[in-house]
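Trainee: So the chains spell out like this:
Protein chains: 4
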Amino acid sequence: MAVILGDNRYGKAEIRVVRVARDGEDHVLTDLNVSVSLAGDLAGTHLTGDNAAVLPTDTQKNTVFAFAKEQLGSGQPIETFAACLAKHFVDSQPTIHCARVSIVEYAWQRLGPHSFARTTNETRTVSAVYGPDQSDGTSAWIVSGLADLVLLNSADSEFHGYLKDGYTTLPETTDRILATAVEARWRYMSPSSRDWNTTFDRARAALVTAFVRTYSYSLQQTLYAMGQHALDVCPEIAEIRLAMPNKHHFAVDLAPFGLTNDNEVFVAADRPYGLIEGTVLRDDAPEPGLAWW
Amino acid sequence: MAVILGDNRYGKAEIRVVRVARDGEDHVLTDLNVSVSLAGDLAGTHLTGDNAAVLPTDTQKNTVFAFAKEQLGSGQPIETFAACLAKHFVDSQPTIHCARVSIVEYAWQRLGPHSFARTTNETRTVSAVYGPDQSDGTSAWIVSGLADLVLLNSADSEFHGYLKDGYTTLPETTDRILATAVEARWRYMSPSSRDWNTTFDRARAALVTAFVRTYSYSLQQTLYAMGQHALDVCPEIAEIRLAMPNKHHFAVDLAPFGLTNDNEVFVAADRPYGLIEGTVLRDDAPEPGLAWW
Amino acid sequence: MAVILGDNRYGKAEIRVVRVARDGEDHVLTDLNVSVSLAGDLAGTHLTGDNAAVLPTDTQKNTVFAFAKEQLGSGQPIETFAACLAKHFVDSQPTIHCARVSIVEYAWQRLGPHSFARTTNETRTVSAVYGPDQSDGTSAWIVSGLADLVLLNSADSEFHGYLKDGYTTLPETTDRILATAVEARWRYMSPSSRDWNTTFDRARAALVTAFVRTYSYSLQQTLYAMGQHALDVCPEIAEIRLAMPNKHHFAVDLAPFGLTNDNEVFVAADRPYGLIEGTVLRDDAPEPGLAWW
Amino acid sequence: MAVILGDNRYGKAEIRVVRVARDGEDHVLTDLNVSVSLAGDLAGTHLTGDNAAVLPTDTQKNTVFAFAKEQLGSGQPIETFAACLAKHFVDSQPTIHCARVSIVEYAWQRLGPHSFARTTNETRTVSAVYGPDQSDGTSAWIVSGLADLVLLNSADSEFHGYLKDGYTTLPETTDRILATAVEARWRYMSPSSRDWNTTFDRARAALVTAFVRTYSYSLQQTLYAMGQHALDVCPEIAEIRLAMPNKHHFAVDLAPFGLTNDNEVFVAADRPYGLIEGTVLRDDAPEPGLAWW
Numbered sequence: 271m272a273v274i275l276g277d278n279r280y281g282k283a284e285i286r287v288v289r290v291a292r293d294g295e296d297h298v299l300t301d302l303n304v305s306v307s308l309a310g311d312l313a314g315t316h317l318t319g320d321n322a323a324v325l326p327t328d329t330q331k332n333t334v335f336a337f338a339k340e341q342l343g344s345g346q347p348i349e350t351f352a353a354c355l356a357k358h359f360v361d362s363q364p365t366i367h368c369a370r371v372s373i374v375e376y377a378w379q380r381l382g383p384h385s386f387a388r389t390t391n392e393t394r395t396v397s398a399v400y401g402p403d404q405s406d407g408t409s410a411w412i413v414s415g416l417a418d419l420v421l422l423n424s425a426d427s428e429f430h431g432y433l434k435d436g437y438t439t440l441p442e443t444t445d446r447i448l449a450t451a452v453e454a455r456w457r458y459m460s461p462s463s464r465d466w467n468t469t470f471d472r473a474r475a476a477l478v479t480a481f482v483r484t485y486s487y488s489l490q491q492t493l494y495a496m497g498q499h500a501l502d503v504c505p506e507i508a509e510i511r512l513a514m515p516n517k518h519h520f521a522v523d524l525a526p527f528g529l530t531n532d533n534e535v536f537v538a539a540d541r542p543y544g545l546i547e548g549t550v551l552r553d554d555a556p557e558p559g560l561a562w563w
Numbered sequence: 271m272a273v274i275l276g277d278n279r280y281g282k283a284e285i286r287v288v289r290v291a292r293d294g295e296d297h298v299l300t301d302l303n304v305s306v307s308l309a310g311d312l313a314g315t316h317l318t319g320d321n322a323a324v325l326p327t328d329t330q331k332n333t334v335f336a337f338a339k340e341q342l343g344s345g346q347p348i349e350t351f352a353a354c355l356a357k358h359f360v361d362s363q364p365t366i367h368c369a370r371v372s373i374v375e376y377a378w379q380r381l382g383p384h385s386f387a388r389t390t391n392e393t394r395t396v397s398a399v400y401g402p403d404q405s406d407g408t409s410a411w412i413v414s415g416l417a418d419l420v421l422l423n424s425a426d427s428e429f430h431g432y433l434k435d436g437y438t439t440l441p442e443t444t445d446r447i448l449a450t451a452v453e454a455r456w457r458y459m460s461p462s463s464r465d466w467n468t469t470f471d472r473a474r475a476a477l478v479t480a481f482v483r484t485y486s487y488s489l490q491q492t493l494y495a496m497g498q499h500a501l502d503v504c505p506e507i508a509e510i511r512l513a514m515p516n517k518h519h520f521a522v523d524l525a526p527f528g529l530t531n532d533n534e535v536f537v538a539a540d541r542p543y544g545l546i547e548g549t550v551l552r553d554d555a556p557e558p559g560l561a562w563w
Numbered sequence: 271m272a273v274i275l276g277d278n279r280y281g282k283a284e285i286r287v288v289r290v291a292r293d294g295e296d297h298v299l300t301d302l303n304v305s306v307s308l309a310g311d312l313a314g315t316h317l318t319g320d321n322a323a324v325l326p327t328d329t330q331k332n333t334v335f336a337f338a339k340e341q342l343g344s345g346q347p348i349e350t351f352a353a354c355l356a357k358h359f360v361d362s363q364p365t366i367h368c369a370r371v372s373i374v375e376y377a378w379q380r381l382g383p384h385s386f387a388r389t390t391n392e393t394r395t396v397s398a399v400y401g402p403d404q405s406d407g408t409s410a411w412i413v414s415g416l417a418d419l420v421l422l423n424s425a426d427s428e429f430h431g432y433l434k435d436g437y438t439t440l441p442e443t444t445d446r447i448l449a450t451a452v453e454a455r456w457r458y459m460s461p462s463s464r465d466w467n468t469t470f471d472r473a474r475a476a477l478v479t480a481f482v483r484t485y486s487y488s489l490q491q492t493l494y495a496m497g498q499h500a501l502d503v504c505p506e507i508a509e510i511r512l513a514m515p516n517k518h519h520f521a522v523d524l525a526p527f528g529l530t531n532d533n534e535v536f537v538a539a540d541r542p543y544g545l546i547e548g549t550v551l552r553d554d555a556p557e558p559g560l561a562w563w
Numbered sequence: 271m272a273v274i275l276g277d278n279r280y281g282k283a284e285i286r287v288v289r290v291a292r293d294g295e296d297h298v299l300t301d302l303n304v305s306v307s308l309a310g311d312l313a314g315t316h317l318t319g320d321n322a323a324v325l326p327t328d329t330q331k332n333t334v335f336a337f338a339k340e341q342l343g344s345g346q347p348i349e350t351f352a353a354c355l356a357k358h359f360v361d362s363q364p365t366i367h368c369a370r371v372s373i374v375e376y377a378w379q380r381l382g383p384h385s386f387a388r389t390t391n392e393t394r395t396v397s398a399v400y401g402p403d404q405s406d407g408t409s410a411w412i413v414s415g416l417a418d419l420v421l422l423n424s425a426d427s428e429f430h431g432y433l434k435d436g437y438t439t440l441p442e443t444t445d446r447i448l449a450t451a452v453e454a455r456w457r458y459m460s461p462s463s464r465d466w467n468t469t470f471d472r473a474r475a476a477l478v479t480a481f482v483r484t485y486s487y488s489l490q491q492t493l494y495a496m497g498q499h500a501l502d503v504c505p506e507i508a509e510i511r512l513a514m515p516n517k518h519h520f521a522v523d524l525a526p527f528g529l530t531n532d533n534e535v536f537v538a539a540d541r542p543y544g545l546i547e548g549t550v551l552r553d554d555a556p557e558p559g560l561a562w563w
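Protein chains in written order, with the numbering used here: chain A, 271 to 563; chain B, 271 to 563; chain C, 271 to 563; chain D, 271 to 563.
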């Protein structure tokens, strides 16, 4: 019996880079939170502190800033920026075999030629992985997504017909508030490049539309309808993973005060909350490889 | 020498009430975080635990829910809801002499007749105080405001000509990013009721416009211009208080990588940050009374 | 009628400075979050952007680091460090008339000669103000304190005998959990220097002791007992201000599952929460001056 | 081509249960944050909103409270409570095939027979999975751990000999602060029950001891030493996974102020930060099965 080193990775997390493109009359603002994670020949640094194979996380940070200068022009999607960075780390360092670059993009609304307001907490996300060739010849993967898309339906949501046991007290309902904060991540049918912004806009719109249109009997049903609709309108998407908390809104009992409450007054609860996670995919989706690494 | 009880107050904080108005075809959603604070004949509970003068914070919470049912119709501004609650606590309980009701309102964007997205972190705020008559006969005060209005100018901001001492290393600059998260609170020339929503929209627009239009030599100058413009377009506002962090964006030195950086690549810093606080008011503003209680 | 500049101040917030004293065999670690706020002849920067009277917040930050080198030896209390910094800004800059230096100190437990664990979220705080002479000749004020001291009594807490109105549903109880996170700030009978660490230790111990020993009929009663005991054991303290949320723990109704619950199973609620704020002081306490500025 | 449902699970997250054991003279306090996640025959609810196979998350919450009454006696480790809950959901519901119960335990220090202080942010964690039999006959897995163990060495840390490329500016150092917040999770050689508290205490002590004792040439080396030492002193542990941010402390350049800085004054940085993740395991560790589900 011996103790050995297992899976490991390291990198620089949460590099807050802001890029201003000043080419035209209007400035273009790109506001990112970039995280890098690398794996490779890293036994030395773990076992003896020999760092000969280690690209410092400080260098990773510098690389992100330098690439932001050269690769983040106006309207450049985060997918190509992340992929380019991931490939750089593996291609330039023989000791690094796999790299993941994750980006969270903050949205700003234009107020003027060089004035902006940050008007939403919703973010666009990407995770680009570049690594050893898989059996199908693939060595690069892109997972696009969004987070903190907060949605609420104040009608068309029921919940009943569920299992009851000795611990069940929840009354069945044919009218409740359904509210959630969507986290979505999707991978693609092929690794080839594409118009990432158009796919993002279409996928996001599909998620929102399905949330609004679905008459819901469970948050799972809404989640599946959202994923299915995204796949329907985006043939380039192979698989979508959704995580959706059930942000409970409980109708307040106003009877003690001589008042009715026909689903008009709710308390928004913090904890606990339901958490629904599900995957919707095509039956001919390619192998994920290292997409979710 | 004796130990005595000084100023004190108590209440229920962060009551998360959501009101759905279902009168018309379209649901109207009002999403609030309400905090109550009361003062009065409270020596008993402090000194001996005699609670005869104490209206429980649980009752305060119930009152907020009950009033939400009856007072929060479609488009009702938070100013009148807060004022009505504050007055209730004082008028209904002889032991309570002063009440403050503070509300943070979360904004939702309509997606359909009963579907909504929460598309901003910016909030609208109010603090309504109802208390003992002041010498001018006033017994009710309203302070309206907003918070987390995040703004950024990527040009038209300089900073130079400041004091230098032995601890100064900051280089003067004629081109920097100016970014902030505005917190604004304003009180009124008279206690009379008004179209609160219109004032809010005008004041907010004035703050944003002045931020965008001001060629800035200091964040203080921008702050004053914002407050001044709000007073210019809203004669009903007597005084506005602004707190604006200077959210630093530092240009990254790319020279070591053979790259120039003409204010194109910045690192968004977390801490420390500048914090600028200032008041802009009319020289004939009435006494504040308990407005800021 | 004219628009004018009212109260204003500015500074650098949340300077995260860590000082390692390496004089002896054991390193001594001091971990601080320092915030500076200055006021003075600042009309120019507000009205025209003339910064001739402005000491940049970047310089304030540098000053904190430089003073940390020279003034933060082993075991130096934050009171003297804050006071020394506040005095420096006013004394060295004719345009600065008043300075507040607030410090939050994070505690570390020694694990070895140069090894430490951060074993509590509780912090020690200070706010030192240096400003224009008051009528009593005072120009320096110290407010010491602590924050996030989380305490819980699982017995000896009752709540009954309170006001009931049409919105009251809370049942009276003779046995409940009483839990809070204490924020305390105290000022002194005289501005003279003293053994700040000893006062802090005594005051903190008094607060904890009174919380543990008080058979409570209301959180207000507990708050007052804590403040009173701090003043009893610390004659140098003139006034103490306490803010104590009532962190509600509600007994869960287990009857539907055929179980009793004799105050054994509770749900810890997030929001809303009670918030109790109170002041305990000596009847011969000196005027506060700018202590709470 | 068809769109299909992939992996999915659902549950109730962050159930904040506090258990007071009142058997003896001294109350014993157990403060938990429990999250449940279930998988099984859930196609119906996703595809058609048929909830016949769904045990509501509200019922899961009730179950946690009821089990807290009966299973959480004095000193009961969270491992057995989590395992018992996970088994219950699968055994009692034919439609549920796999359950994970994750618990975060908050520590309280005794101040008196029924008085407590929460004196650390560090938490103890467990994830218990109960599911379909694996090929080796195992159907239950326990992963124990801890989080937010914040440690700092102010000496005995170097970093040099690393890769340099065109983006490297970091100077090599033979003296730096090494600080981190340890998250550790470990699984066991066998599924049998054991004295969980003793293992926890031993593993935690080993992690701390190795952090203190290791003369470090990289955070990876420290991480590996910590994992190795935990496995050395706990033969029952098969594998340990560690995630350790490198909480950077940068020495401040005081030369502009005529001062030296021999690693005495540091700025504690927020973002970005290094993130080191690694696994240390025995070469004869059993298959993990669903331990990390």
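Worth flagging that the hints you see were computed from the coordinates, not collected in a lab. Fair warning: there could be bad hints in the mix.
For identical chains, the list gives no copy identity; a pair is met inside one copy or between any two copies.
Stated by the list, open to error - Result set (DMTMM-like, lysine to aspartate or glutamate): computed pairs, CA atoms no more than 25 Å apart in a straight line:
(1) Lys434 with Glu506
(2) Lys339 with Asp403
(3) Lys357 with Glu547
(4) Lys517 with Glu428
(5) Lys339 with Asp293
(6) Lys357 with Asp435
(7) Lys517 with Asp311
(8) Lys434 with Asp293
(9) Lys357 with Asp553
(10) Lys517 with Asp540
(11) Lys339 with Asp277
(12) Lys434 with Glu547
(13) Lys339 with Asp540
(14) Lys517 with Asp328
(15) Lys434 with Asp311
(16) Lys517 with Asp553
(17) Lys434 with Glu375
(18) Lys339 with Glu375
(19) Lys357 with Glu506
(20) Lys339 with Asp553
(21) Lys357 with Asp502
(22) Lys434 with Asp502
Here the structure is a predicted model, which means the values were calculated and not measured.
Trainee: Taking 25 Å as the upper bound on the Cα-Cα distance, should Lys434 and Asp293 be classified as within, between, both, or neither?
Mentor: Neither, since 63 Å and 33 Å both go past 25 Å.
Trainee: Checking an output row: Lys517 and Asp553, CA cutoff 25 Å. Within, between, both or neither?
Mentor: neither (31 Å within a copy, 44 Å between copies)
Trainee: Could you place Lys339 and Asp403 in one of the four classes (within, between, both, neither) given a Cα distance threshold of 25 Å?
Mentor: Neither. Shortest intra-copy (29 Å) and inter-copy (53 Å) distances fail the 25 Å Cα cut-off.
Trainee: Within a copy, between copies, both or neither: where do Lys357 and Asp435 come within 25 Å Cα-Cα?
Mentor: between (53 Å within a copy, 15 Å between copies)
Trainee: 25 Å Cα cut-off: does Lys339 pair with Asp293 within a copy, between copies, both or neither?
Mentor: Answer is within: at 13 Å inside a copy they meet the 25 Å cutoff, but 45 Å across does not.
Trainee: Checking Lys434 and Glu547: alpha-carbon separation at most 25 Å within a copy, between copies, both or neither?
Mentor: within (22 Å within a copy, 42 Å between copies)
Trainee: Evaluate Lys357 and Glu547 at a C-alpha cut-off of 25 Å and name the case that applies: within, between, both or neither.
Mentor: The answer is between: 21 Å across copies meets 25 Å, while 31 Å in one copy does not.
Trainee: Which holds for Lys517 with Asp311 at a C-alpha limit of 25 Å: within a copy, between copies, both or neither?
Mentor: Cα proximity of Lys517 and Asp311: across copies only (24 Å, versus 44 Å in one copy).
Trainee: I want to check one pair: Lys357 and Asp502. Are their C-alpha atoms no more than 25 Å apart within a copy, between two copies, both, or neither?
Mentor: Neither. Shortest intra-copy (31 Å) and inter-copy (39 Å) distances fail the 25 Å Cα cut-off.
Trainee: At most 25 Å between alpha carbons: which applies to Lys517 and Glu428, within, between, both or neither?
Mentor: Result: close within a single copy only, 15 Å intra versus 33 Å inter.
Trainee: At 25 Å max between alpha carbons, let me know whether Lys339 reaches Asp540 within a copy, between copies, both or neither.
Mentor: between (42 Å within a copy, 21 Å between copies)
Trainee: Reference check for the pair Lys339 and Asp277, CA-CA at most 25 Å: within, between, both, or neither?
Mentor: neither (33 Å within a copy, 40 Å between copies)
In terms of the numbered hints stated before, the structure departs from hints 1, 2, 8, 9, 11, 16, 17, 20, 21 and 22, listed from lowest to highest.
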